[in-house]
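Take the given structure of chain A and dock chains B, R, F, P and D to it, following the hints.
Protein chains in written order, with numbering that gives the first Met the number 0: chain A, 0 to 267; chain B, 0 to 267; chain R, 0 to 267; chain F, 0 to 267; chain P, 0 to 267; chain D, 0 to 267.
Just so you know, the hints here were simulated from the structure itself, not pulled from any lab data.
Mixed in with the good hints there might be a few duds.
Pairs involving identical chains hold if they fit within one copy or between any two copies, as the list cannot separate such chains.
[Claimed, not checked] Simulated pairs of lysine-lysine, DSSO-like, Cα-Cα distance not exceeding 30 Å:
#	residue 1	residue 2
1	256	188
2	235	53
3	166	6
4	2	94
5	260	227
6	166	53
7	12	2
8	53	6
9	206	227
10	12	166
11	239	196
12	188	235
13	94	227
14	239	254
15	239	206
16	260	235
There are 6 protein chains.
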Amino acid sequence: MFKHTRKLQYNAKPDRPDPLMARRLQESLGGQWGEVTGMMSYLSQGWASTGDEKYKDLLLATGTEEMAHVEMISTMIAYLLEGAPMHATEEEMRKDPALAAVIGGMDPEHAIVHGMTAGLNNPNGAAWNAGYTTSSGNLVADMRFNVVRESEARLQVSRLYYMTEDKGVRDMLRFLLARETQHQLQFIKAQEELEEKYGVIVPGDMKDIEHQEFSHVLMDFSDGGGAKAFEGQTAKDGEKFTYQADPEAMGGLPKNKPADKRLHNNQG
Amino acid sequence: MFKHTRKLQYNAKPDRPDPLMARRLQESLGGQWGEVTGMMSYLSQGWASTGDEKYKDLLLATGTEEMAHVEMISTMIAYLLEGAPMHATEEEMRKDPALAAVIGGMDPEHAIVHGMTAGLNNPNGAAWNAGYTTSSGNLVADMRFNVVRESEARLQVSRLYYMTEDKGVRDMLRFLLARETQHQLQFIKAQEELEEKYGVIVPGDMKDIEHQEFSHVLMDFSDGGGAKAFEGQTAKDGEKFTYQADPEAMGGLPKNKPADKRLHNNQG
Amino acid sequence: MFKHTRKLQYNAKPDRPDPLMARRLQESLGGQWGEVTGMMSYLSQGWASTGDEKYKDLLLATGTEEMAHVEMISTMIAYLLEGAPMHATEEEMRKDPALAAVIGGMDPEHAIVHGMTAGLNNPNGAAWNAGYTTSSGNLVADMRFNVVRESEARLQVSRLYYMTEDKGVRDMLRFLLARETQHQLQFIKAQEELEEKYGVIVPGDMKDIEHQEFSHVLMDFSDGGGAKAFEGQTAKDGEKFTYQADPEAMGGLPKNKPADKRLHNNQG
Amino acid sequence: MFKHTRKLQYNAKPDRPDPLMARRLQESLGGQWGEVTGMMSYLSQGWASTGDEKYKDLLLATGTEEMAHVEMISTMIAYLLEGAPMHATEEEMRKDPALAAVIGGMDPEHAIVHGMTAGLNNPNGAAWNAGYTTSSGNLVADMRFNVVRESEARLQVSRLYYMTEDKGVRDMLRFLLARETQHQLQFIKAQEELEEKYGVIVPGDMKDIEHQEFSHVLMDFSDGGGAKAFEGQTAKDGEKFTYQADPEAMGGLPKNKPADKRLHNNQG
Amino acid sequence: MFKHTRKLQYNAKPDRPDPLMARRLQESLGGQWGEVTGMMSYLSQGWASTGDEKYKDLLLATGTEEMAHVEMISTMIAYLLEGAPMHATEEEMRKDPALAAVIGGMDPEHAIVHGMTAGLNNPNGAAWNAGYTTSSGNLVADMRFNVVRESEARLQVSRLYYMTEDKGVRDMLRFLLARETQHQLQFIKAQEELEEKYGVIVPGDMKDIEHQEFSHVLMDFSDGGGAKAFEGQTAKDGEKFTYQADPEAMGGLPKNKPADKRLHNNQG
Amino acid sequence: MFKHTRKLQYNAKPDRPDPLMARRLQESLGGQWGEVTGMMSYLSQGWASTGDEKYKDLLLATGTEEMAHVEMISTMIAYLLEGAPMHATEEEMRKDPALAAVIGGMDPEHAIVHGMTAGLNNPNGAAWNAGYTTSSGNLVADMRFNVVRESEARLQVSRLYYMTEDKGVRDMLRFLLARETQHQLQFIKAQEELEEKYGVIVPGDMKDIEHQEFSHVLMDFSDGGGAKAFEGQTAKDGEKFTYQADPEAMGGLPKNKPADKRLHNNQG
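With the rest of the complex left out, here is chain A (with noise of 0.2 Å):
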């Protein structure tokens, strides 16, 4: 269950309006990688595990900040938003080229749909869905997705840094990409206790039953020949890759039967 306050975690107001400015955060919000994402995995996460509480109650903490994060966003751009000039005619746009590019540049979705705040979608308005998240049941699986995540999230972050002056953007950004860190870090440690545990490859028990011949080659099936760099270099596990150049196929050729006719694949 959860409780909210309506004081933000960190500071989240720009020093002035940059609609273009505004779209770019949607990254943050509703991208791939934004803070619905982490929210929406670690929560799925938190809530699937039966497991040791100190990763349950580890994910479900910062689950629920990203929350915050979110609220973050949305209000920035609100504020981002403030005054956004709702259309220009030509002769506008022909004295101040500055104006035609937020005309141009700006989202339309921002001002018709919602009315100048935040939409739950990246900048180019897709609308975020489940499919960027991950709770496999799996806890180092899952802990490697969220260090890609908070990486993705941070990388983006450190993009958008730099395309703002905004000292009120900046200054929420330096927040975000302080936390980041802390949640890779925190979520790395978490990876490396469990792959201790549980073995360095995902899932750690199926070693008897894979083919072993096959788990340590490198087939290249590229011609550029860089890969072959890692011949005889030692893997995570402690056993030494192999390598192989132009790898033959060995499985024959398929032969599937033809369908009912009632099919109609008309295929012999």
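Using the frame of chain A, we list chains B, R, F, P and D on its own:
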């Protein structure tokens, strides 16, 4: 540029048809973490790469291999659908509950849309989409993503393994398990080398910009208490985690202004 | 069954082309609350209806009208795209910022995909999808949905009205505003009649089943305090609201069991 | 900002597992009108609100409560999946038709993707997407949407109630029914207050602009005749409906010009 | 503008309910190649057309007919769902495997979401989306698309025909088969006339611009050898195909430059 | 199984960067009719094929070539994005309208998400999805689809050709135009051969089953009259079209029964 050989990379022939298993295998073909996701992610990353040939070639080598896996699983699914029932009368189902289960549980689109061959979708018929892939331009982040892709994929193959006793299907899955071991290990290797060069936190050059007072604090927004276990532990970057129970809001109340009257927000 | 006349329901001709306005109007065509949503929702509800002819016919009457609106807006968009630029050189854009804004702000798919005619999508190019529609079989719920459809649609048309000075476009929008007034009013009328018959709460016959001690309590999970204003007020069903600040959890800790080992959840 | 407690808002424990019911409950979690839709709509509206604290707080209070419902249903689904079969042999299914039905009817992704825990999707595996939500900036329109959300959701919970005899599941559904009664009533209350202030038609200030000769005419584009019953009735705004059978086209034939030759429209 | 009559274009009444067949028929309603796709594609093309009235009217005539098919199939699905079970106990399923199959195989959203009426989706519950439609402005290309729409649709109806013995369902399918014969033939006729006028290759006026040395070479990137059979055959435009086995790369190695440091690509 | 060579199939290097053209080219990469659609459709059809090796090999040959096109366009897009601006200040935009147009018109996700490399989406950022592909098992239908794919794709490339003056971009487009000529012609050839064998109507063996009295009637549901021109013309199957103006409904009124009370349809 690519060349194709009609021979499969490995065996992909079941002992006997099984339309329910055909449906389940669609996860490894067109699901979020299926082979198409691997193929399109690694190739995109390879084409985007401007750096060390070692990693560019690794990505292209493996992306090309995944295409062979897409082919193998497509072939297997068509084999598993050979002779599958198009429908059954109530009487037939009453006599044979196993037939009834097949009618109930197989994907009706396998027959209606694909004439008993594979579709590019998951077992619930959701079309594969590129929102499953990642190609960010940043090698550390993307290698981490690739490790996740191989982890979630191998996890799913492991589960699929226990959903059939068919020796032919299991033979193919044993091969895929092994390849996903190799792919996990090679991407982990690449990730670790790149982390050594660019730093463990993605991206590695924003430390001076982030608000560092918040970059090693586990803020616990949930009340389970288990996450306190991270307090004082050493993070991957050598610094120590602090722990903050019940964190306070630092950001004050948002005070967005009412919008332009022509937006009709009816808000004050 | 339907018949079509080539004549439009109302005027749909702008004074002059305006590719930016063409893009914006896509919201009323293929956006979440656009005319396609109205048409497909009302027709589906009409076909699903087994009850009073009055409501079935109202739904079919209006669903069929919406198709004429889809046609009018499609026609208007094509007019607005007449002679739109396919591209411009840097020099041309440098000379004419209004041209630059058009190049920057028009939908490139209007040219590339549709040859300067309308698409079935919103201004950000998101394809219309049936997840925007509702047809539940329950008339009260669906009439309420229809009122929302007309409300959000009219709101958007009102905003679009202030995004152009073109008399022809505004003439069409004035017509649509009026029709959406009628449609709001007629669906409100139907809704109120149906509420009188079936109860104000949807569905009306589950009162004895629900846990009534929780059915008139405003539980306040946020700390703003403003919601306390509802305390003691009379609800539409005649009962009074109580107000609960800072509600407590009543449900205990979940204790799900670890899953079957063959699912490889690594969770205890 | 949010805080989470590990305790559930209410009981969410079934008497016994039931993988078919687990699948059905996905509708209330990740379906079009499920709890995620409520949570994300109300919170977005609350954050977008710049007006009366009463409504802003109502939205934030209820959006936060919905998160607890997401948590309860996720928990319940995981309980219902405990010990669910991963597959069954033909012989086993032949012996036990109930097992066969489970194999046929459960969601295979519950096992393959989520390790027998909940997904953020509906019973057909369609990922939840933000196209289900609404946050327009206009309070009257959005309150109406919220009433619909609670109506459709309560309707679905009512149907789900009759799809199980499990006392634990029914206990949770009885609680949700009550909360959705409260939420319907509170949003109706807010809607009515706002209508009084801003007018019953959304938006309230475009009356002078619309073509009023078309704003109270029920144009009947279908031939059933039932809709004539509205003729002469008084609309919510006090005016009377007129009725037009077999309405005529008023707009003439569209005459769009052929496109630029470089678009290759072949429409000469 | 459109008018609707309550009468159906043709009979749409089954002999008896069959929820499994109801689910299957959703393909012809809301699937990729279903009637909604036909209706929305042909109408959009008709509205976009600026050329010969013959083709514009053909498109509008047929688009309007498809709406009647949407109506017929929606009606049929509701009939087939009459009295369908909402669920069954284990004991009931154990006694009646046919009931078990229905419970397992019917679409649970038919009950939960639509109250036993049709949805705008395919049998796997995927919402219809406008990415299934085409309206390019080019008549030759779009007529070809329309031929495909009718071909795939008639193929699916043919398969559906063999999935039931119900005389009422088959009667409707026999009608649809005939209409799809007509539609295939009329669009083929239009296509051939237009090809005669504008050329067999779409678009017809780019021949002098393309690199003609590559326009009649079957480059064989696969090793099966079967495609060699096209060598020397005469193409539709009168020229002959040449055949190139094992084609060489002509384009050299790509050498993209590393990106701006502020993008943090970590790539050299 | 596939092999990859680092060399491109053909030149893919622009004379100079152009981020607006980069965005436009995304249509040919990840749009509805782009190269990914070709590649995934032809390969799927090839793998599904059980018939004549000639067609199976044709499909695999061309599907594999399309992958080289995906690679070329991805490479070109990255070249076109070299040095693209991440943002610009108002002052900079005011000084340089061409820069303003770029800021307004480029895809912000090229920078934020992909670090100035290609994405698997169309110019509006819609992720590619497998609903764009077709693989039905029926060769005639699918060859027709392939002709459409090449027609729409070549149409779009022709439009893109006139959206740039860059010689390098145009060189690549000239190559693609030629290949799409070849692919149109080869698929037309295959289609015609298959039609000769299996009949011009898909599928060819349902004639005796369909209601033939409706299979050659152009029913005109629109009032333009232009479609009458088809009357008496000879269809591809040798029979003549008849023409029916203003067709009558043959199906009577639907009379679906009210649903089970537990569905709460309120329609009784």
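Here's how the hints hold up against the structure:
1. 256 with 188: between (51 Å within a copy, 25 Å between copies)
2. 235 with 53: both (25 Å within a copy, 18 Å between copies)
3. 166 with 6: Within one copy only: 21 Å inside, 40 Å across.
4. 2 with 94: neither (50 Å within a copy, 49 Å between copies)
5. 260 with 227: between (50 Å within a copy, 29 Å between copies)
6. 166 with 53: neither (38 Å within a copy, 32 Å between copies)
7. 12 with 2: both (23 Å within a copy, 23 Å between copies)
8. 53 with 6: Both, since 28 Å and 16 Å are each at most 30 Å.
9. 206 with 227: So residue 206 and residue 227 pass the 30 Å test inside one copy only (25 Å; across, 34 Å).
10. 12 with 166: within (9 Å within a copy, 39 Å between copies)
11. 239 with 196: Both: 22 Å inside a chain and 22 Å across chains, each within 30 Å.
12. 188 with 235: both (16 Å within a copy, 7 Å between copies)
13. 94 with 227: Result: close neither inside a copy nor across copies, 59 Å intra and 51 Å inter.
14. 239 with 254: neither (37 Å within a copy, 32 Å between copies)
15. 239 with 206: For residue 239 and residue 206, only the intra-copy Cα distance (16 Å) is at most 30 Å; the inter-copy one is 35 Å.
16. 260 with 235: Between copies only: 25 Å across, 53 Å inside.
Checked against the numbered hints given earlier, this structure breaks hints 4, 6, 13 and 14; the rest are met.
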